[in-house]
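Peer 1: Construct all of the structure, not just a fragment, from the sequences and the given hints.
Chains as they are written, first to last, in the numbering used here: chain S, 1 to 90; chain Z, 1 to 962.
Honestly, the hints are just simulated from the structure, not real lab data. Honestly, I wouldn't trust all of these hints.
Said to hold, decoys possible - Coverage of chain Z stretches by chain S, computed from C-beta distances (three or more under 8 Å per stretch; other residues unrestricted):
#: 1; stretch: 258-270
#: 2; stretch: 562-574
#: 3; stretch: 716-728
#: 4; stretch: 835-847
As the list claims (entries may be wrong) - Anything over 12 Å on all C-beta distances counts as not near chain S; from chain Z, calculated:
#: 5; residue: A52
#: 6; residue: G621
#: 7; residue: Q651
#: 8; residue: S773
As the list claims (entries may be wrong) - Just a sample of chain S residues kept apart from chain Z, beta carbon distances all over 12 Å, derived:
#: 9; residue: V7
#: 10; residue: V29
#: 11; residue: I41
All residues carry an ideal CB built from backbone N, CA and C; glycine is no exception.
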Amino acid sequence: MGMLAWVMMGLALWHFTIFLPDRFWGGIVGAFLGALLGAVICGLIVNGFTIPGESDTHLLTALEAIPGALIGIAAVYFEGVRRGYEALEL
Amino acid sequence: MNDRRRNLFVLLLVAGLLVGSLVVILTKPTRLGLDLKGGVSLIYQGKPTKQAQVTSDSINRAIDVMRKRVDQLGVAEPQIQRSGSDQIDVSLPDVKNADEAAAQVGTTAQLWFYDWEGSVLGPNCKPDPRNTEVTGGASAGVAAIPPALSQFDAVTRGAKCPRTDTGKESSGDKYYLVDKKAKKVLVGPDESLADLKRDAAAKKLTVDPEQIVKVPQGVTIVRAEQDDPKGKPPDSWYVLKDQTILGGKDIKNPEQGFDNGPGENGQPNVQFDFTGHGASTWETFTKKLSQRGREQALGVGGNQSNQHFAIVLDNEIISVPQIDWQQYPNGIDASGGSRISGGFTISSAQRLADLLKTGALPIKLQLISSSQVSATLGRQALHQGLIAGIAGFIIVALFLLIFYRVLGLIAVGALVVYAIFFYALIKLVPITLTLPGIAGLILTIGVAADANIVIFERVKEELRGGRSIQAAIATGYKRGLSAIVDANVVTFMVAFILFLLATAGVKGFAFTLGVGTLVSFFTAVLLTQAVLGLMGRSKLIHSPAALGARPQRKERRRFDFMGASKWFFSMSGVILLIGALAIGGKGLNFGIDFESGTRIRAELARNADENGVRDAISADGFGDAEIQRLSGSGAGKNSFQISTSTLSEGQRNQIQSDLQQKFGVKSFDFDFIGPTFGQTVAKSAIIAIIASLLVISIYISLRFEWKYAVPVLIAVMHDILITSGVYSLLGREVTTSTVAALLTILGYSLYDTIIVFDRVRENVPRMPRAAFSQIVNRSMSEVLTRSLATSFCTALPIAALLFFGGDTLKDFAFALLVGVISGTYSSIFIASPVLTHWKERETVYVRRRRRIAEANGGVVPAYATAVGGAPVDVPPVEKARRGRRLTEPEDPQRGVSQDEFQEMVRDLHADAPPTATAERDPAAERDPSADLDPEDLVLKDDKPKRAPKPKRPRNRRHGRSR
Chain S
1 MGMLAWVMMG LALWHFTIFL PDRFWGGIVG AFLGALLGAV ICGLIVNGFT IPGESDTHLL
61 TALEAIPGAL IGIAAVYFEG VRRGYEALEL
Chain Z
1 MNDRRRNLFV LLLVAGLLVG SLVVILTKPT RLGLDLKGGV SLIYQGKPTK QAQVTSDSIN
61 RAIDVMRKRV DQLGVAEPQI QRSGSDQIDV SLPDVKNADE AAAQVGTTAQ LWFYDWEGSV
121 LGPNCKPDPR NTEVTGGASA GVAAIPPALS QFDAVTRGAK CPRTDTGKES SGDKYYLVDK
181 KAKKVLVGPD ESLADLKRDA AAKKLTVDPE QIVKVPQGVT IVRAEQDDPK GKPPDSWYVL
241 KDQTILGGKD IKNPEQGFDN GPGENGQPNV QFDFTGHGAS TWETFTKKLS QRGREQALGV
301 GGNQSNQHFA IVLDNEIISV PQIDWQQYPN GIDASGGSRI SGGFTISSAQ RLADLLKTGA
361 LPIKLQLISS SQVSATLGRQ ALHQGLIAGI AGFIIVALFL LIFYRVLGLI AVGALVVYAI
421 FFYALIKLVP ITLTLPGIAG LILTIGVAAD ANIVIFERVK EELRGGRSIQ AAIATGYKRG
481 LSAIVDANVV TFMVAFILFL LATAGVKGFA FTLGVGTLVS FFTAVLLTQA VLGLMGRSKL
541 IHSPAALGAR PQRKERRRFD FMGASKWFFS MSGVILLIGA LAIGGKGLNF GIDFESGTRI
601 RAELARNADE NGVRDAISAD GFGDAEIQRL SGSGAGKNSF QISTSTLSEG QRNQIQSDLQ
661 QKFGVKSFDF DFIGPTFGQT VAKSAIIAII ASLLVISIYI SLRFEWKYAV PVLIAVMHDI
721 LITSGVYSLL GREVTTSTVA ALLTILGYSL YDTIIVFDRV RENVPRMPRA AFSQIVNRSM
781 SEVLTRSLAT SFCTALPIAA LLFFGGDTLK DFAFALLVGV ISGTYSSIFI ASPVLTHWKE
841 RETVYVRRRR RIAEANGGVV PAYATAVGGA PVDVPPVEKA RRGRRLTEPE DPQRGVSQDE
901 FQEMVRDLHA DAPPTATAER DPAAERDPSA DLDPEDLVLK DDKPKRAPKP KRPRNRRHGR
961 SR
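Peer 2: What follows is the structure, encoded as structure tokens:
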């Protein structure tokens with residue numbers, strides 16, 4: 001259940017990357033992977049590399065994914081900038 | 001074969017199949033599943049034994065044994081089939097007692113013979129044949145304590161004994177969870193620690209490693225003999241050295257008989273013969289017992305020293321007969337067979353004889369789910385399913401008639417033919433019709449109608465584009481076909497993978513969905529095309545209005561889909577954010593399908609409410625049960641659902657008796673779900689989802705381009721997670737039906753996205769100078785109506801399920817409805833923008849954007865337009881020429897077009913002998929529009945019209961003057 005909450009949170013935050021100029025490494029799909037991986041890895045770190053089960057999942061469990069998702073998105077973005085990707089705005 | 005002949009052939013084929021179908025429908029019976037006609041459903045999971053591992057072979061052998069046992073029950077049309085790698089589904093129609101059926105069908109029936117005095121272990125873990133305090137003496141095997149022990153004492157004694165490995169052990173190590181303070185065994189025996197933990201979790205027990213007791217291989221704990229066959233099994237146990245002498249495979253011809261010898265009381269028994277090996281072992285064994293009896297007689301005398309052997313069935317002592325050493329000093333001759341006497345009734349002796357006759361199961365089978373449905377409830381469910389089906393059909397038909405007029409009428413005709421074909425197929429195969437199967441059938445009505453909508457919308461588009469009715473129909477079918485083929489292939493793939501991997505209930509749904517998709521393709525595309533082809537010149541379809549096509553407004557408002565995608569993304573983001581918080585805060589409300597327990601559905605004769613029902617059953621300790629009133633058309637006036645932890649047969653009977661006394665019971669059904677069932681369903685669903693996505697990604701990569709597969713996957717994920725979020729927010733119960741619905745959403749989401757992407761694929765070569773966002777914007781504006789119409793049409797039968805279906809179908813329909821709405825939304829507003837963002841990064845589109853921006857003052861317009869507002873597109877380059885010669889114009893009313901004339905000329909040249917000049921010029925195959933400016937590009941249909949030629953009668957078939 002914890003994994004479901006993290007993935008959902010990562011996916012939710014990824015939707016808002018549309019407001020940023022697309023300089024992501026791998027484009028919008030790169031941002032998607034960054035958000036999801038970041039959310040899951042951060043959740044795992046906070047929970048000592050265990051996935052909270054149904055009874056151990058709380059509101060905080062979902063919130064724990066936020067920093068990870070943001071870090072993941074930022075990492076992919078700055079890697080895109082470093083590689084010299086031009087901003088794409090539709 | 002020309003078009004007319006082909007159409008006639010299709011119609012004749014359909015007519016023939018219709019006649020055949022009607023014959024099948026009138027002559028063959030419909031095979032109904034247990035949920036529609038009542039009966040008992042049992043699901044077993046195979047567990048390894050010392051003798052055999054759970055393999056395909058051992059499961060198949062177990063099925064053979066179970067089939068023989070079911071045959072002895074005299075059940076008509078039973079179904080025993082393998083499910084997944086280690087499960088067996090048993091469906092027994094019209095059987096009314098699930099417990100009896102389970103006892104008969106799923107009992108392992110491992111029969112063993114032990115040397116009693118040589119096997120009963122004392123406190124020092126050694127046999128002591130002379131010690132009657134250990135063996136019980138003349139009262140060997142009785143339930144009295146002592147010499148029997150409590151289960152806790154027996155287990156702790158057995159745990160101290162050494163492990164042996166002589167090859168004669170009946171089982172391996174056994175694990176028990178005990179309460180050392182209360183001196184009670186809580187769980188066990190289990191063959192492994194993992195099984196023990198799972199069983200403990202099912203009873204909501206925490207496993208403390210200190211409380212786990214392991215009884216080693218070589219020691220077995222058996223229950224004492226039951227005096228009263230109708231009473232409760234005794235809580236008295238013996239610890240035996242597990243060295244078997246004979247097994248069930250050493251006996252033959254077991255029959256139920258009676259103790260009719262001199263001085264016997266005529267009690268029922270089980271008589272049998274020995275096999276060759278069994279006979280020699282029996283004689284040696286009984287001789288050994290006689291000799292030991294004689295040796296021990298010194299100082300005891302008489303029968304006191306007679307030795308015993310124990311007959312143990314599935315760790316329960318059936319009988320402990322003695323060998324009279326004076327009567328049989330050299331053992332017992334095996335030629336006359338032997339018999340098992342004990343506290344049998346006729347039926348229990350008959351049952352044991354039957355079990356021995358069919359043989360032991362090669363593996364242990366654990367009952368993980370059992371369900372008993374009364375015939376009344378089954379009939380109600382069938383009634384609801386039929387009503388939902390008819391309602392779904394009628395509203396889809398009405399929708400088609402209102403929006404597509406004559407075309408709709410033909411589509412409705414095709415739907416009727418589809419329904420007849422499908423029903424005949426169900427009877428012919430035969431497909432066992434279950435509730436999920438009916439849901440699949442109703443959904444395929446929507447899918448069949450969708451195929452027509454895709455084509456009809458295309459026909460309307462062509463009509464609006466100025467084509468004649470005949471040309472519009474021909475082009476509509478031609479261009480709509482690729483989208484339908486792709487969408488149907490994907491739906492069929494999902495159904496196929498579901499069928500292979502999912503559990504029983506979902507299988508029924510997957511099968512009907514898969515077969516329905518194939519049949520609907522035939523009726524919705526081939527049949528309607530043939531009918532329209534033949535009535536092309538009919539007065540019925542002489543005007544575009546008859547086909548539901550209104551003239552296009554000159555100033556068509558265009559929506560910037562890609563520009564607005566920011567807001568749609570935000571909306572999805574907010575919904576998912578709320579969903580994630582709900583999942584974290586509230587979690588999902590898993591039903592007992594996942595949590596394990598017993599669910600009782602009872603219809604009461606007199607008025608009652610939840611509190612009244614709770615009061616009635618509280619006296620027996622069931623006050624903490626979850627009780628809810630069942631509503632809906634299927635449930636009776638006073639129907640209640642009672643969910644509790646796992647109940648024994650006695651506890652269930654107690655609840656039934658309580659309700660009977662207070663309110664009167666009209667019907668009483670129950671489901672028992674074991675702890676592994678939910679895990680199996682979830683695991684198979686996850687595997688099915690991953691497998692579907694992999695296969696479909698490969699298909700999309702091959703048919704489209706690999707970059708089209710990724711947005712499709714993101715859209716699917718979006719839809720499944722949004723549906724999960726809605727379930728969490730509303731607190732709706734997640735059942736196996738919900739899982740089936742989630743898997744269907746996956747299929748539908750793909751279907752809808754493919755319909756949208758198909759147009760993008762079509763427009764890419766048409767717009768060689770446009771930015772990808774412009775291509776997608778145009779594609780979206782073209783398919784929006786089509787996409788909304790198909791979604792609406794799919795939602796109609798789902799709504800019928802929601803309003804008219806019973807509880808199971810309603811559960812299913814709710815998840816589907818959320819998924820269909822989300823699927824439509826994500827196809828247009830999530831998948832397409834993701835594709836656009838990704839494709840715009842490709843060098844070719846970066847250049848195009850730059851060029852367009854330079855030409856438009858730094859801005860890329862939402863839609864590609866050229867001078868005069870004409871769309872910037874070119875006719876697509878034909879990749880391959882048609883297989884047959886062009887012999888008539890596409891639109892006879894407009895005459896032969898320039899392109900058609902050129903093609904006829906090429907056909908004539910193709911017949912000419914090859915010359916050097918006839919060799920293909922690579923330059924001629926190049927896209928002629930590639931180097932043109934947007935202003936130079938015009939549509940084929942926008943060419944200046946020539947002066948009309950004088951009308952002359954023409955030979956329509958050959959396009960030549962008469």
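Peer 1: Decide, hint by hint, whether the structure agrees.
Peer 2: Going through the hints against the structure:
no.: 1; hint: 258-270; verdict: violated (count 0)
no.: 2; hint: 562-574; verdict: holds (count 9)
no.: 3; hint: 716-728; verdict: holds (count 5)
no.: 4; hint: 835-847; verdict: holds (count 6)
no.: 5; hint: A52; verdict: holds, 34 Å
no.: 6; hint: G621; verdict: holds, 24 Å
no.: 7; hint: Q651; verdict: holds, 26 Å
no.: 8; hint: S773; verdict: violated, 5 Å
no.: 9; hint: V7; verdict: violated, 7 Å
no.: 10; hint: V29; verdict: violated, 5 Å
no.: 11; hint: I41; verdict: holds, 16 Å
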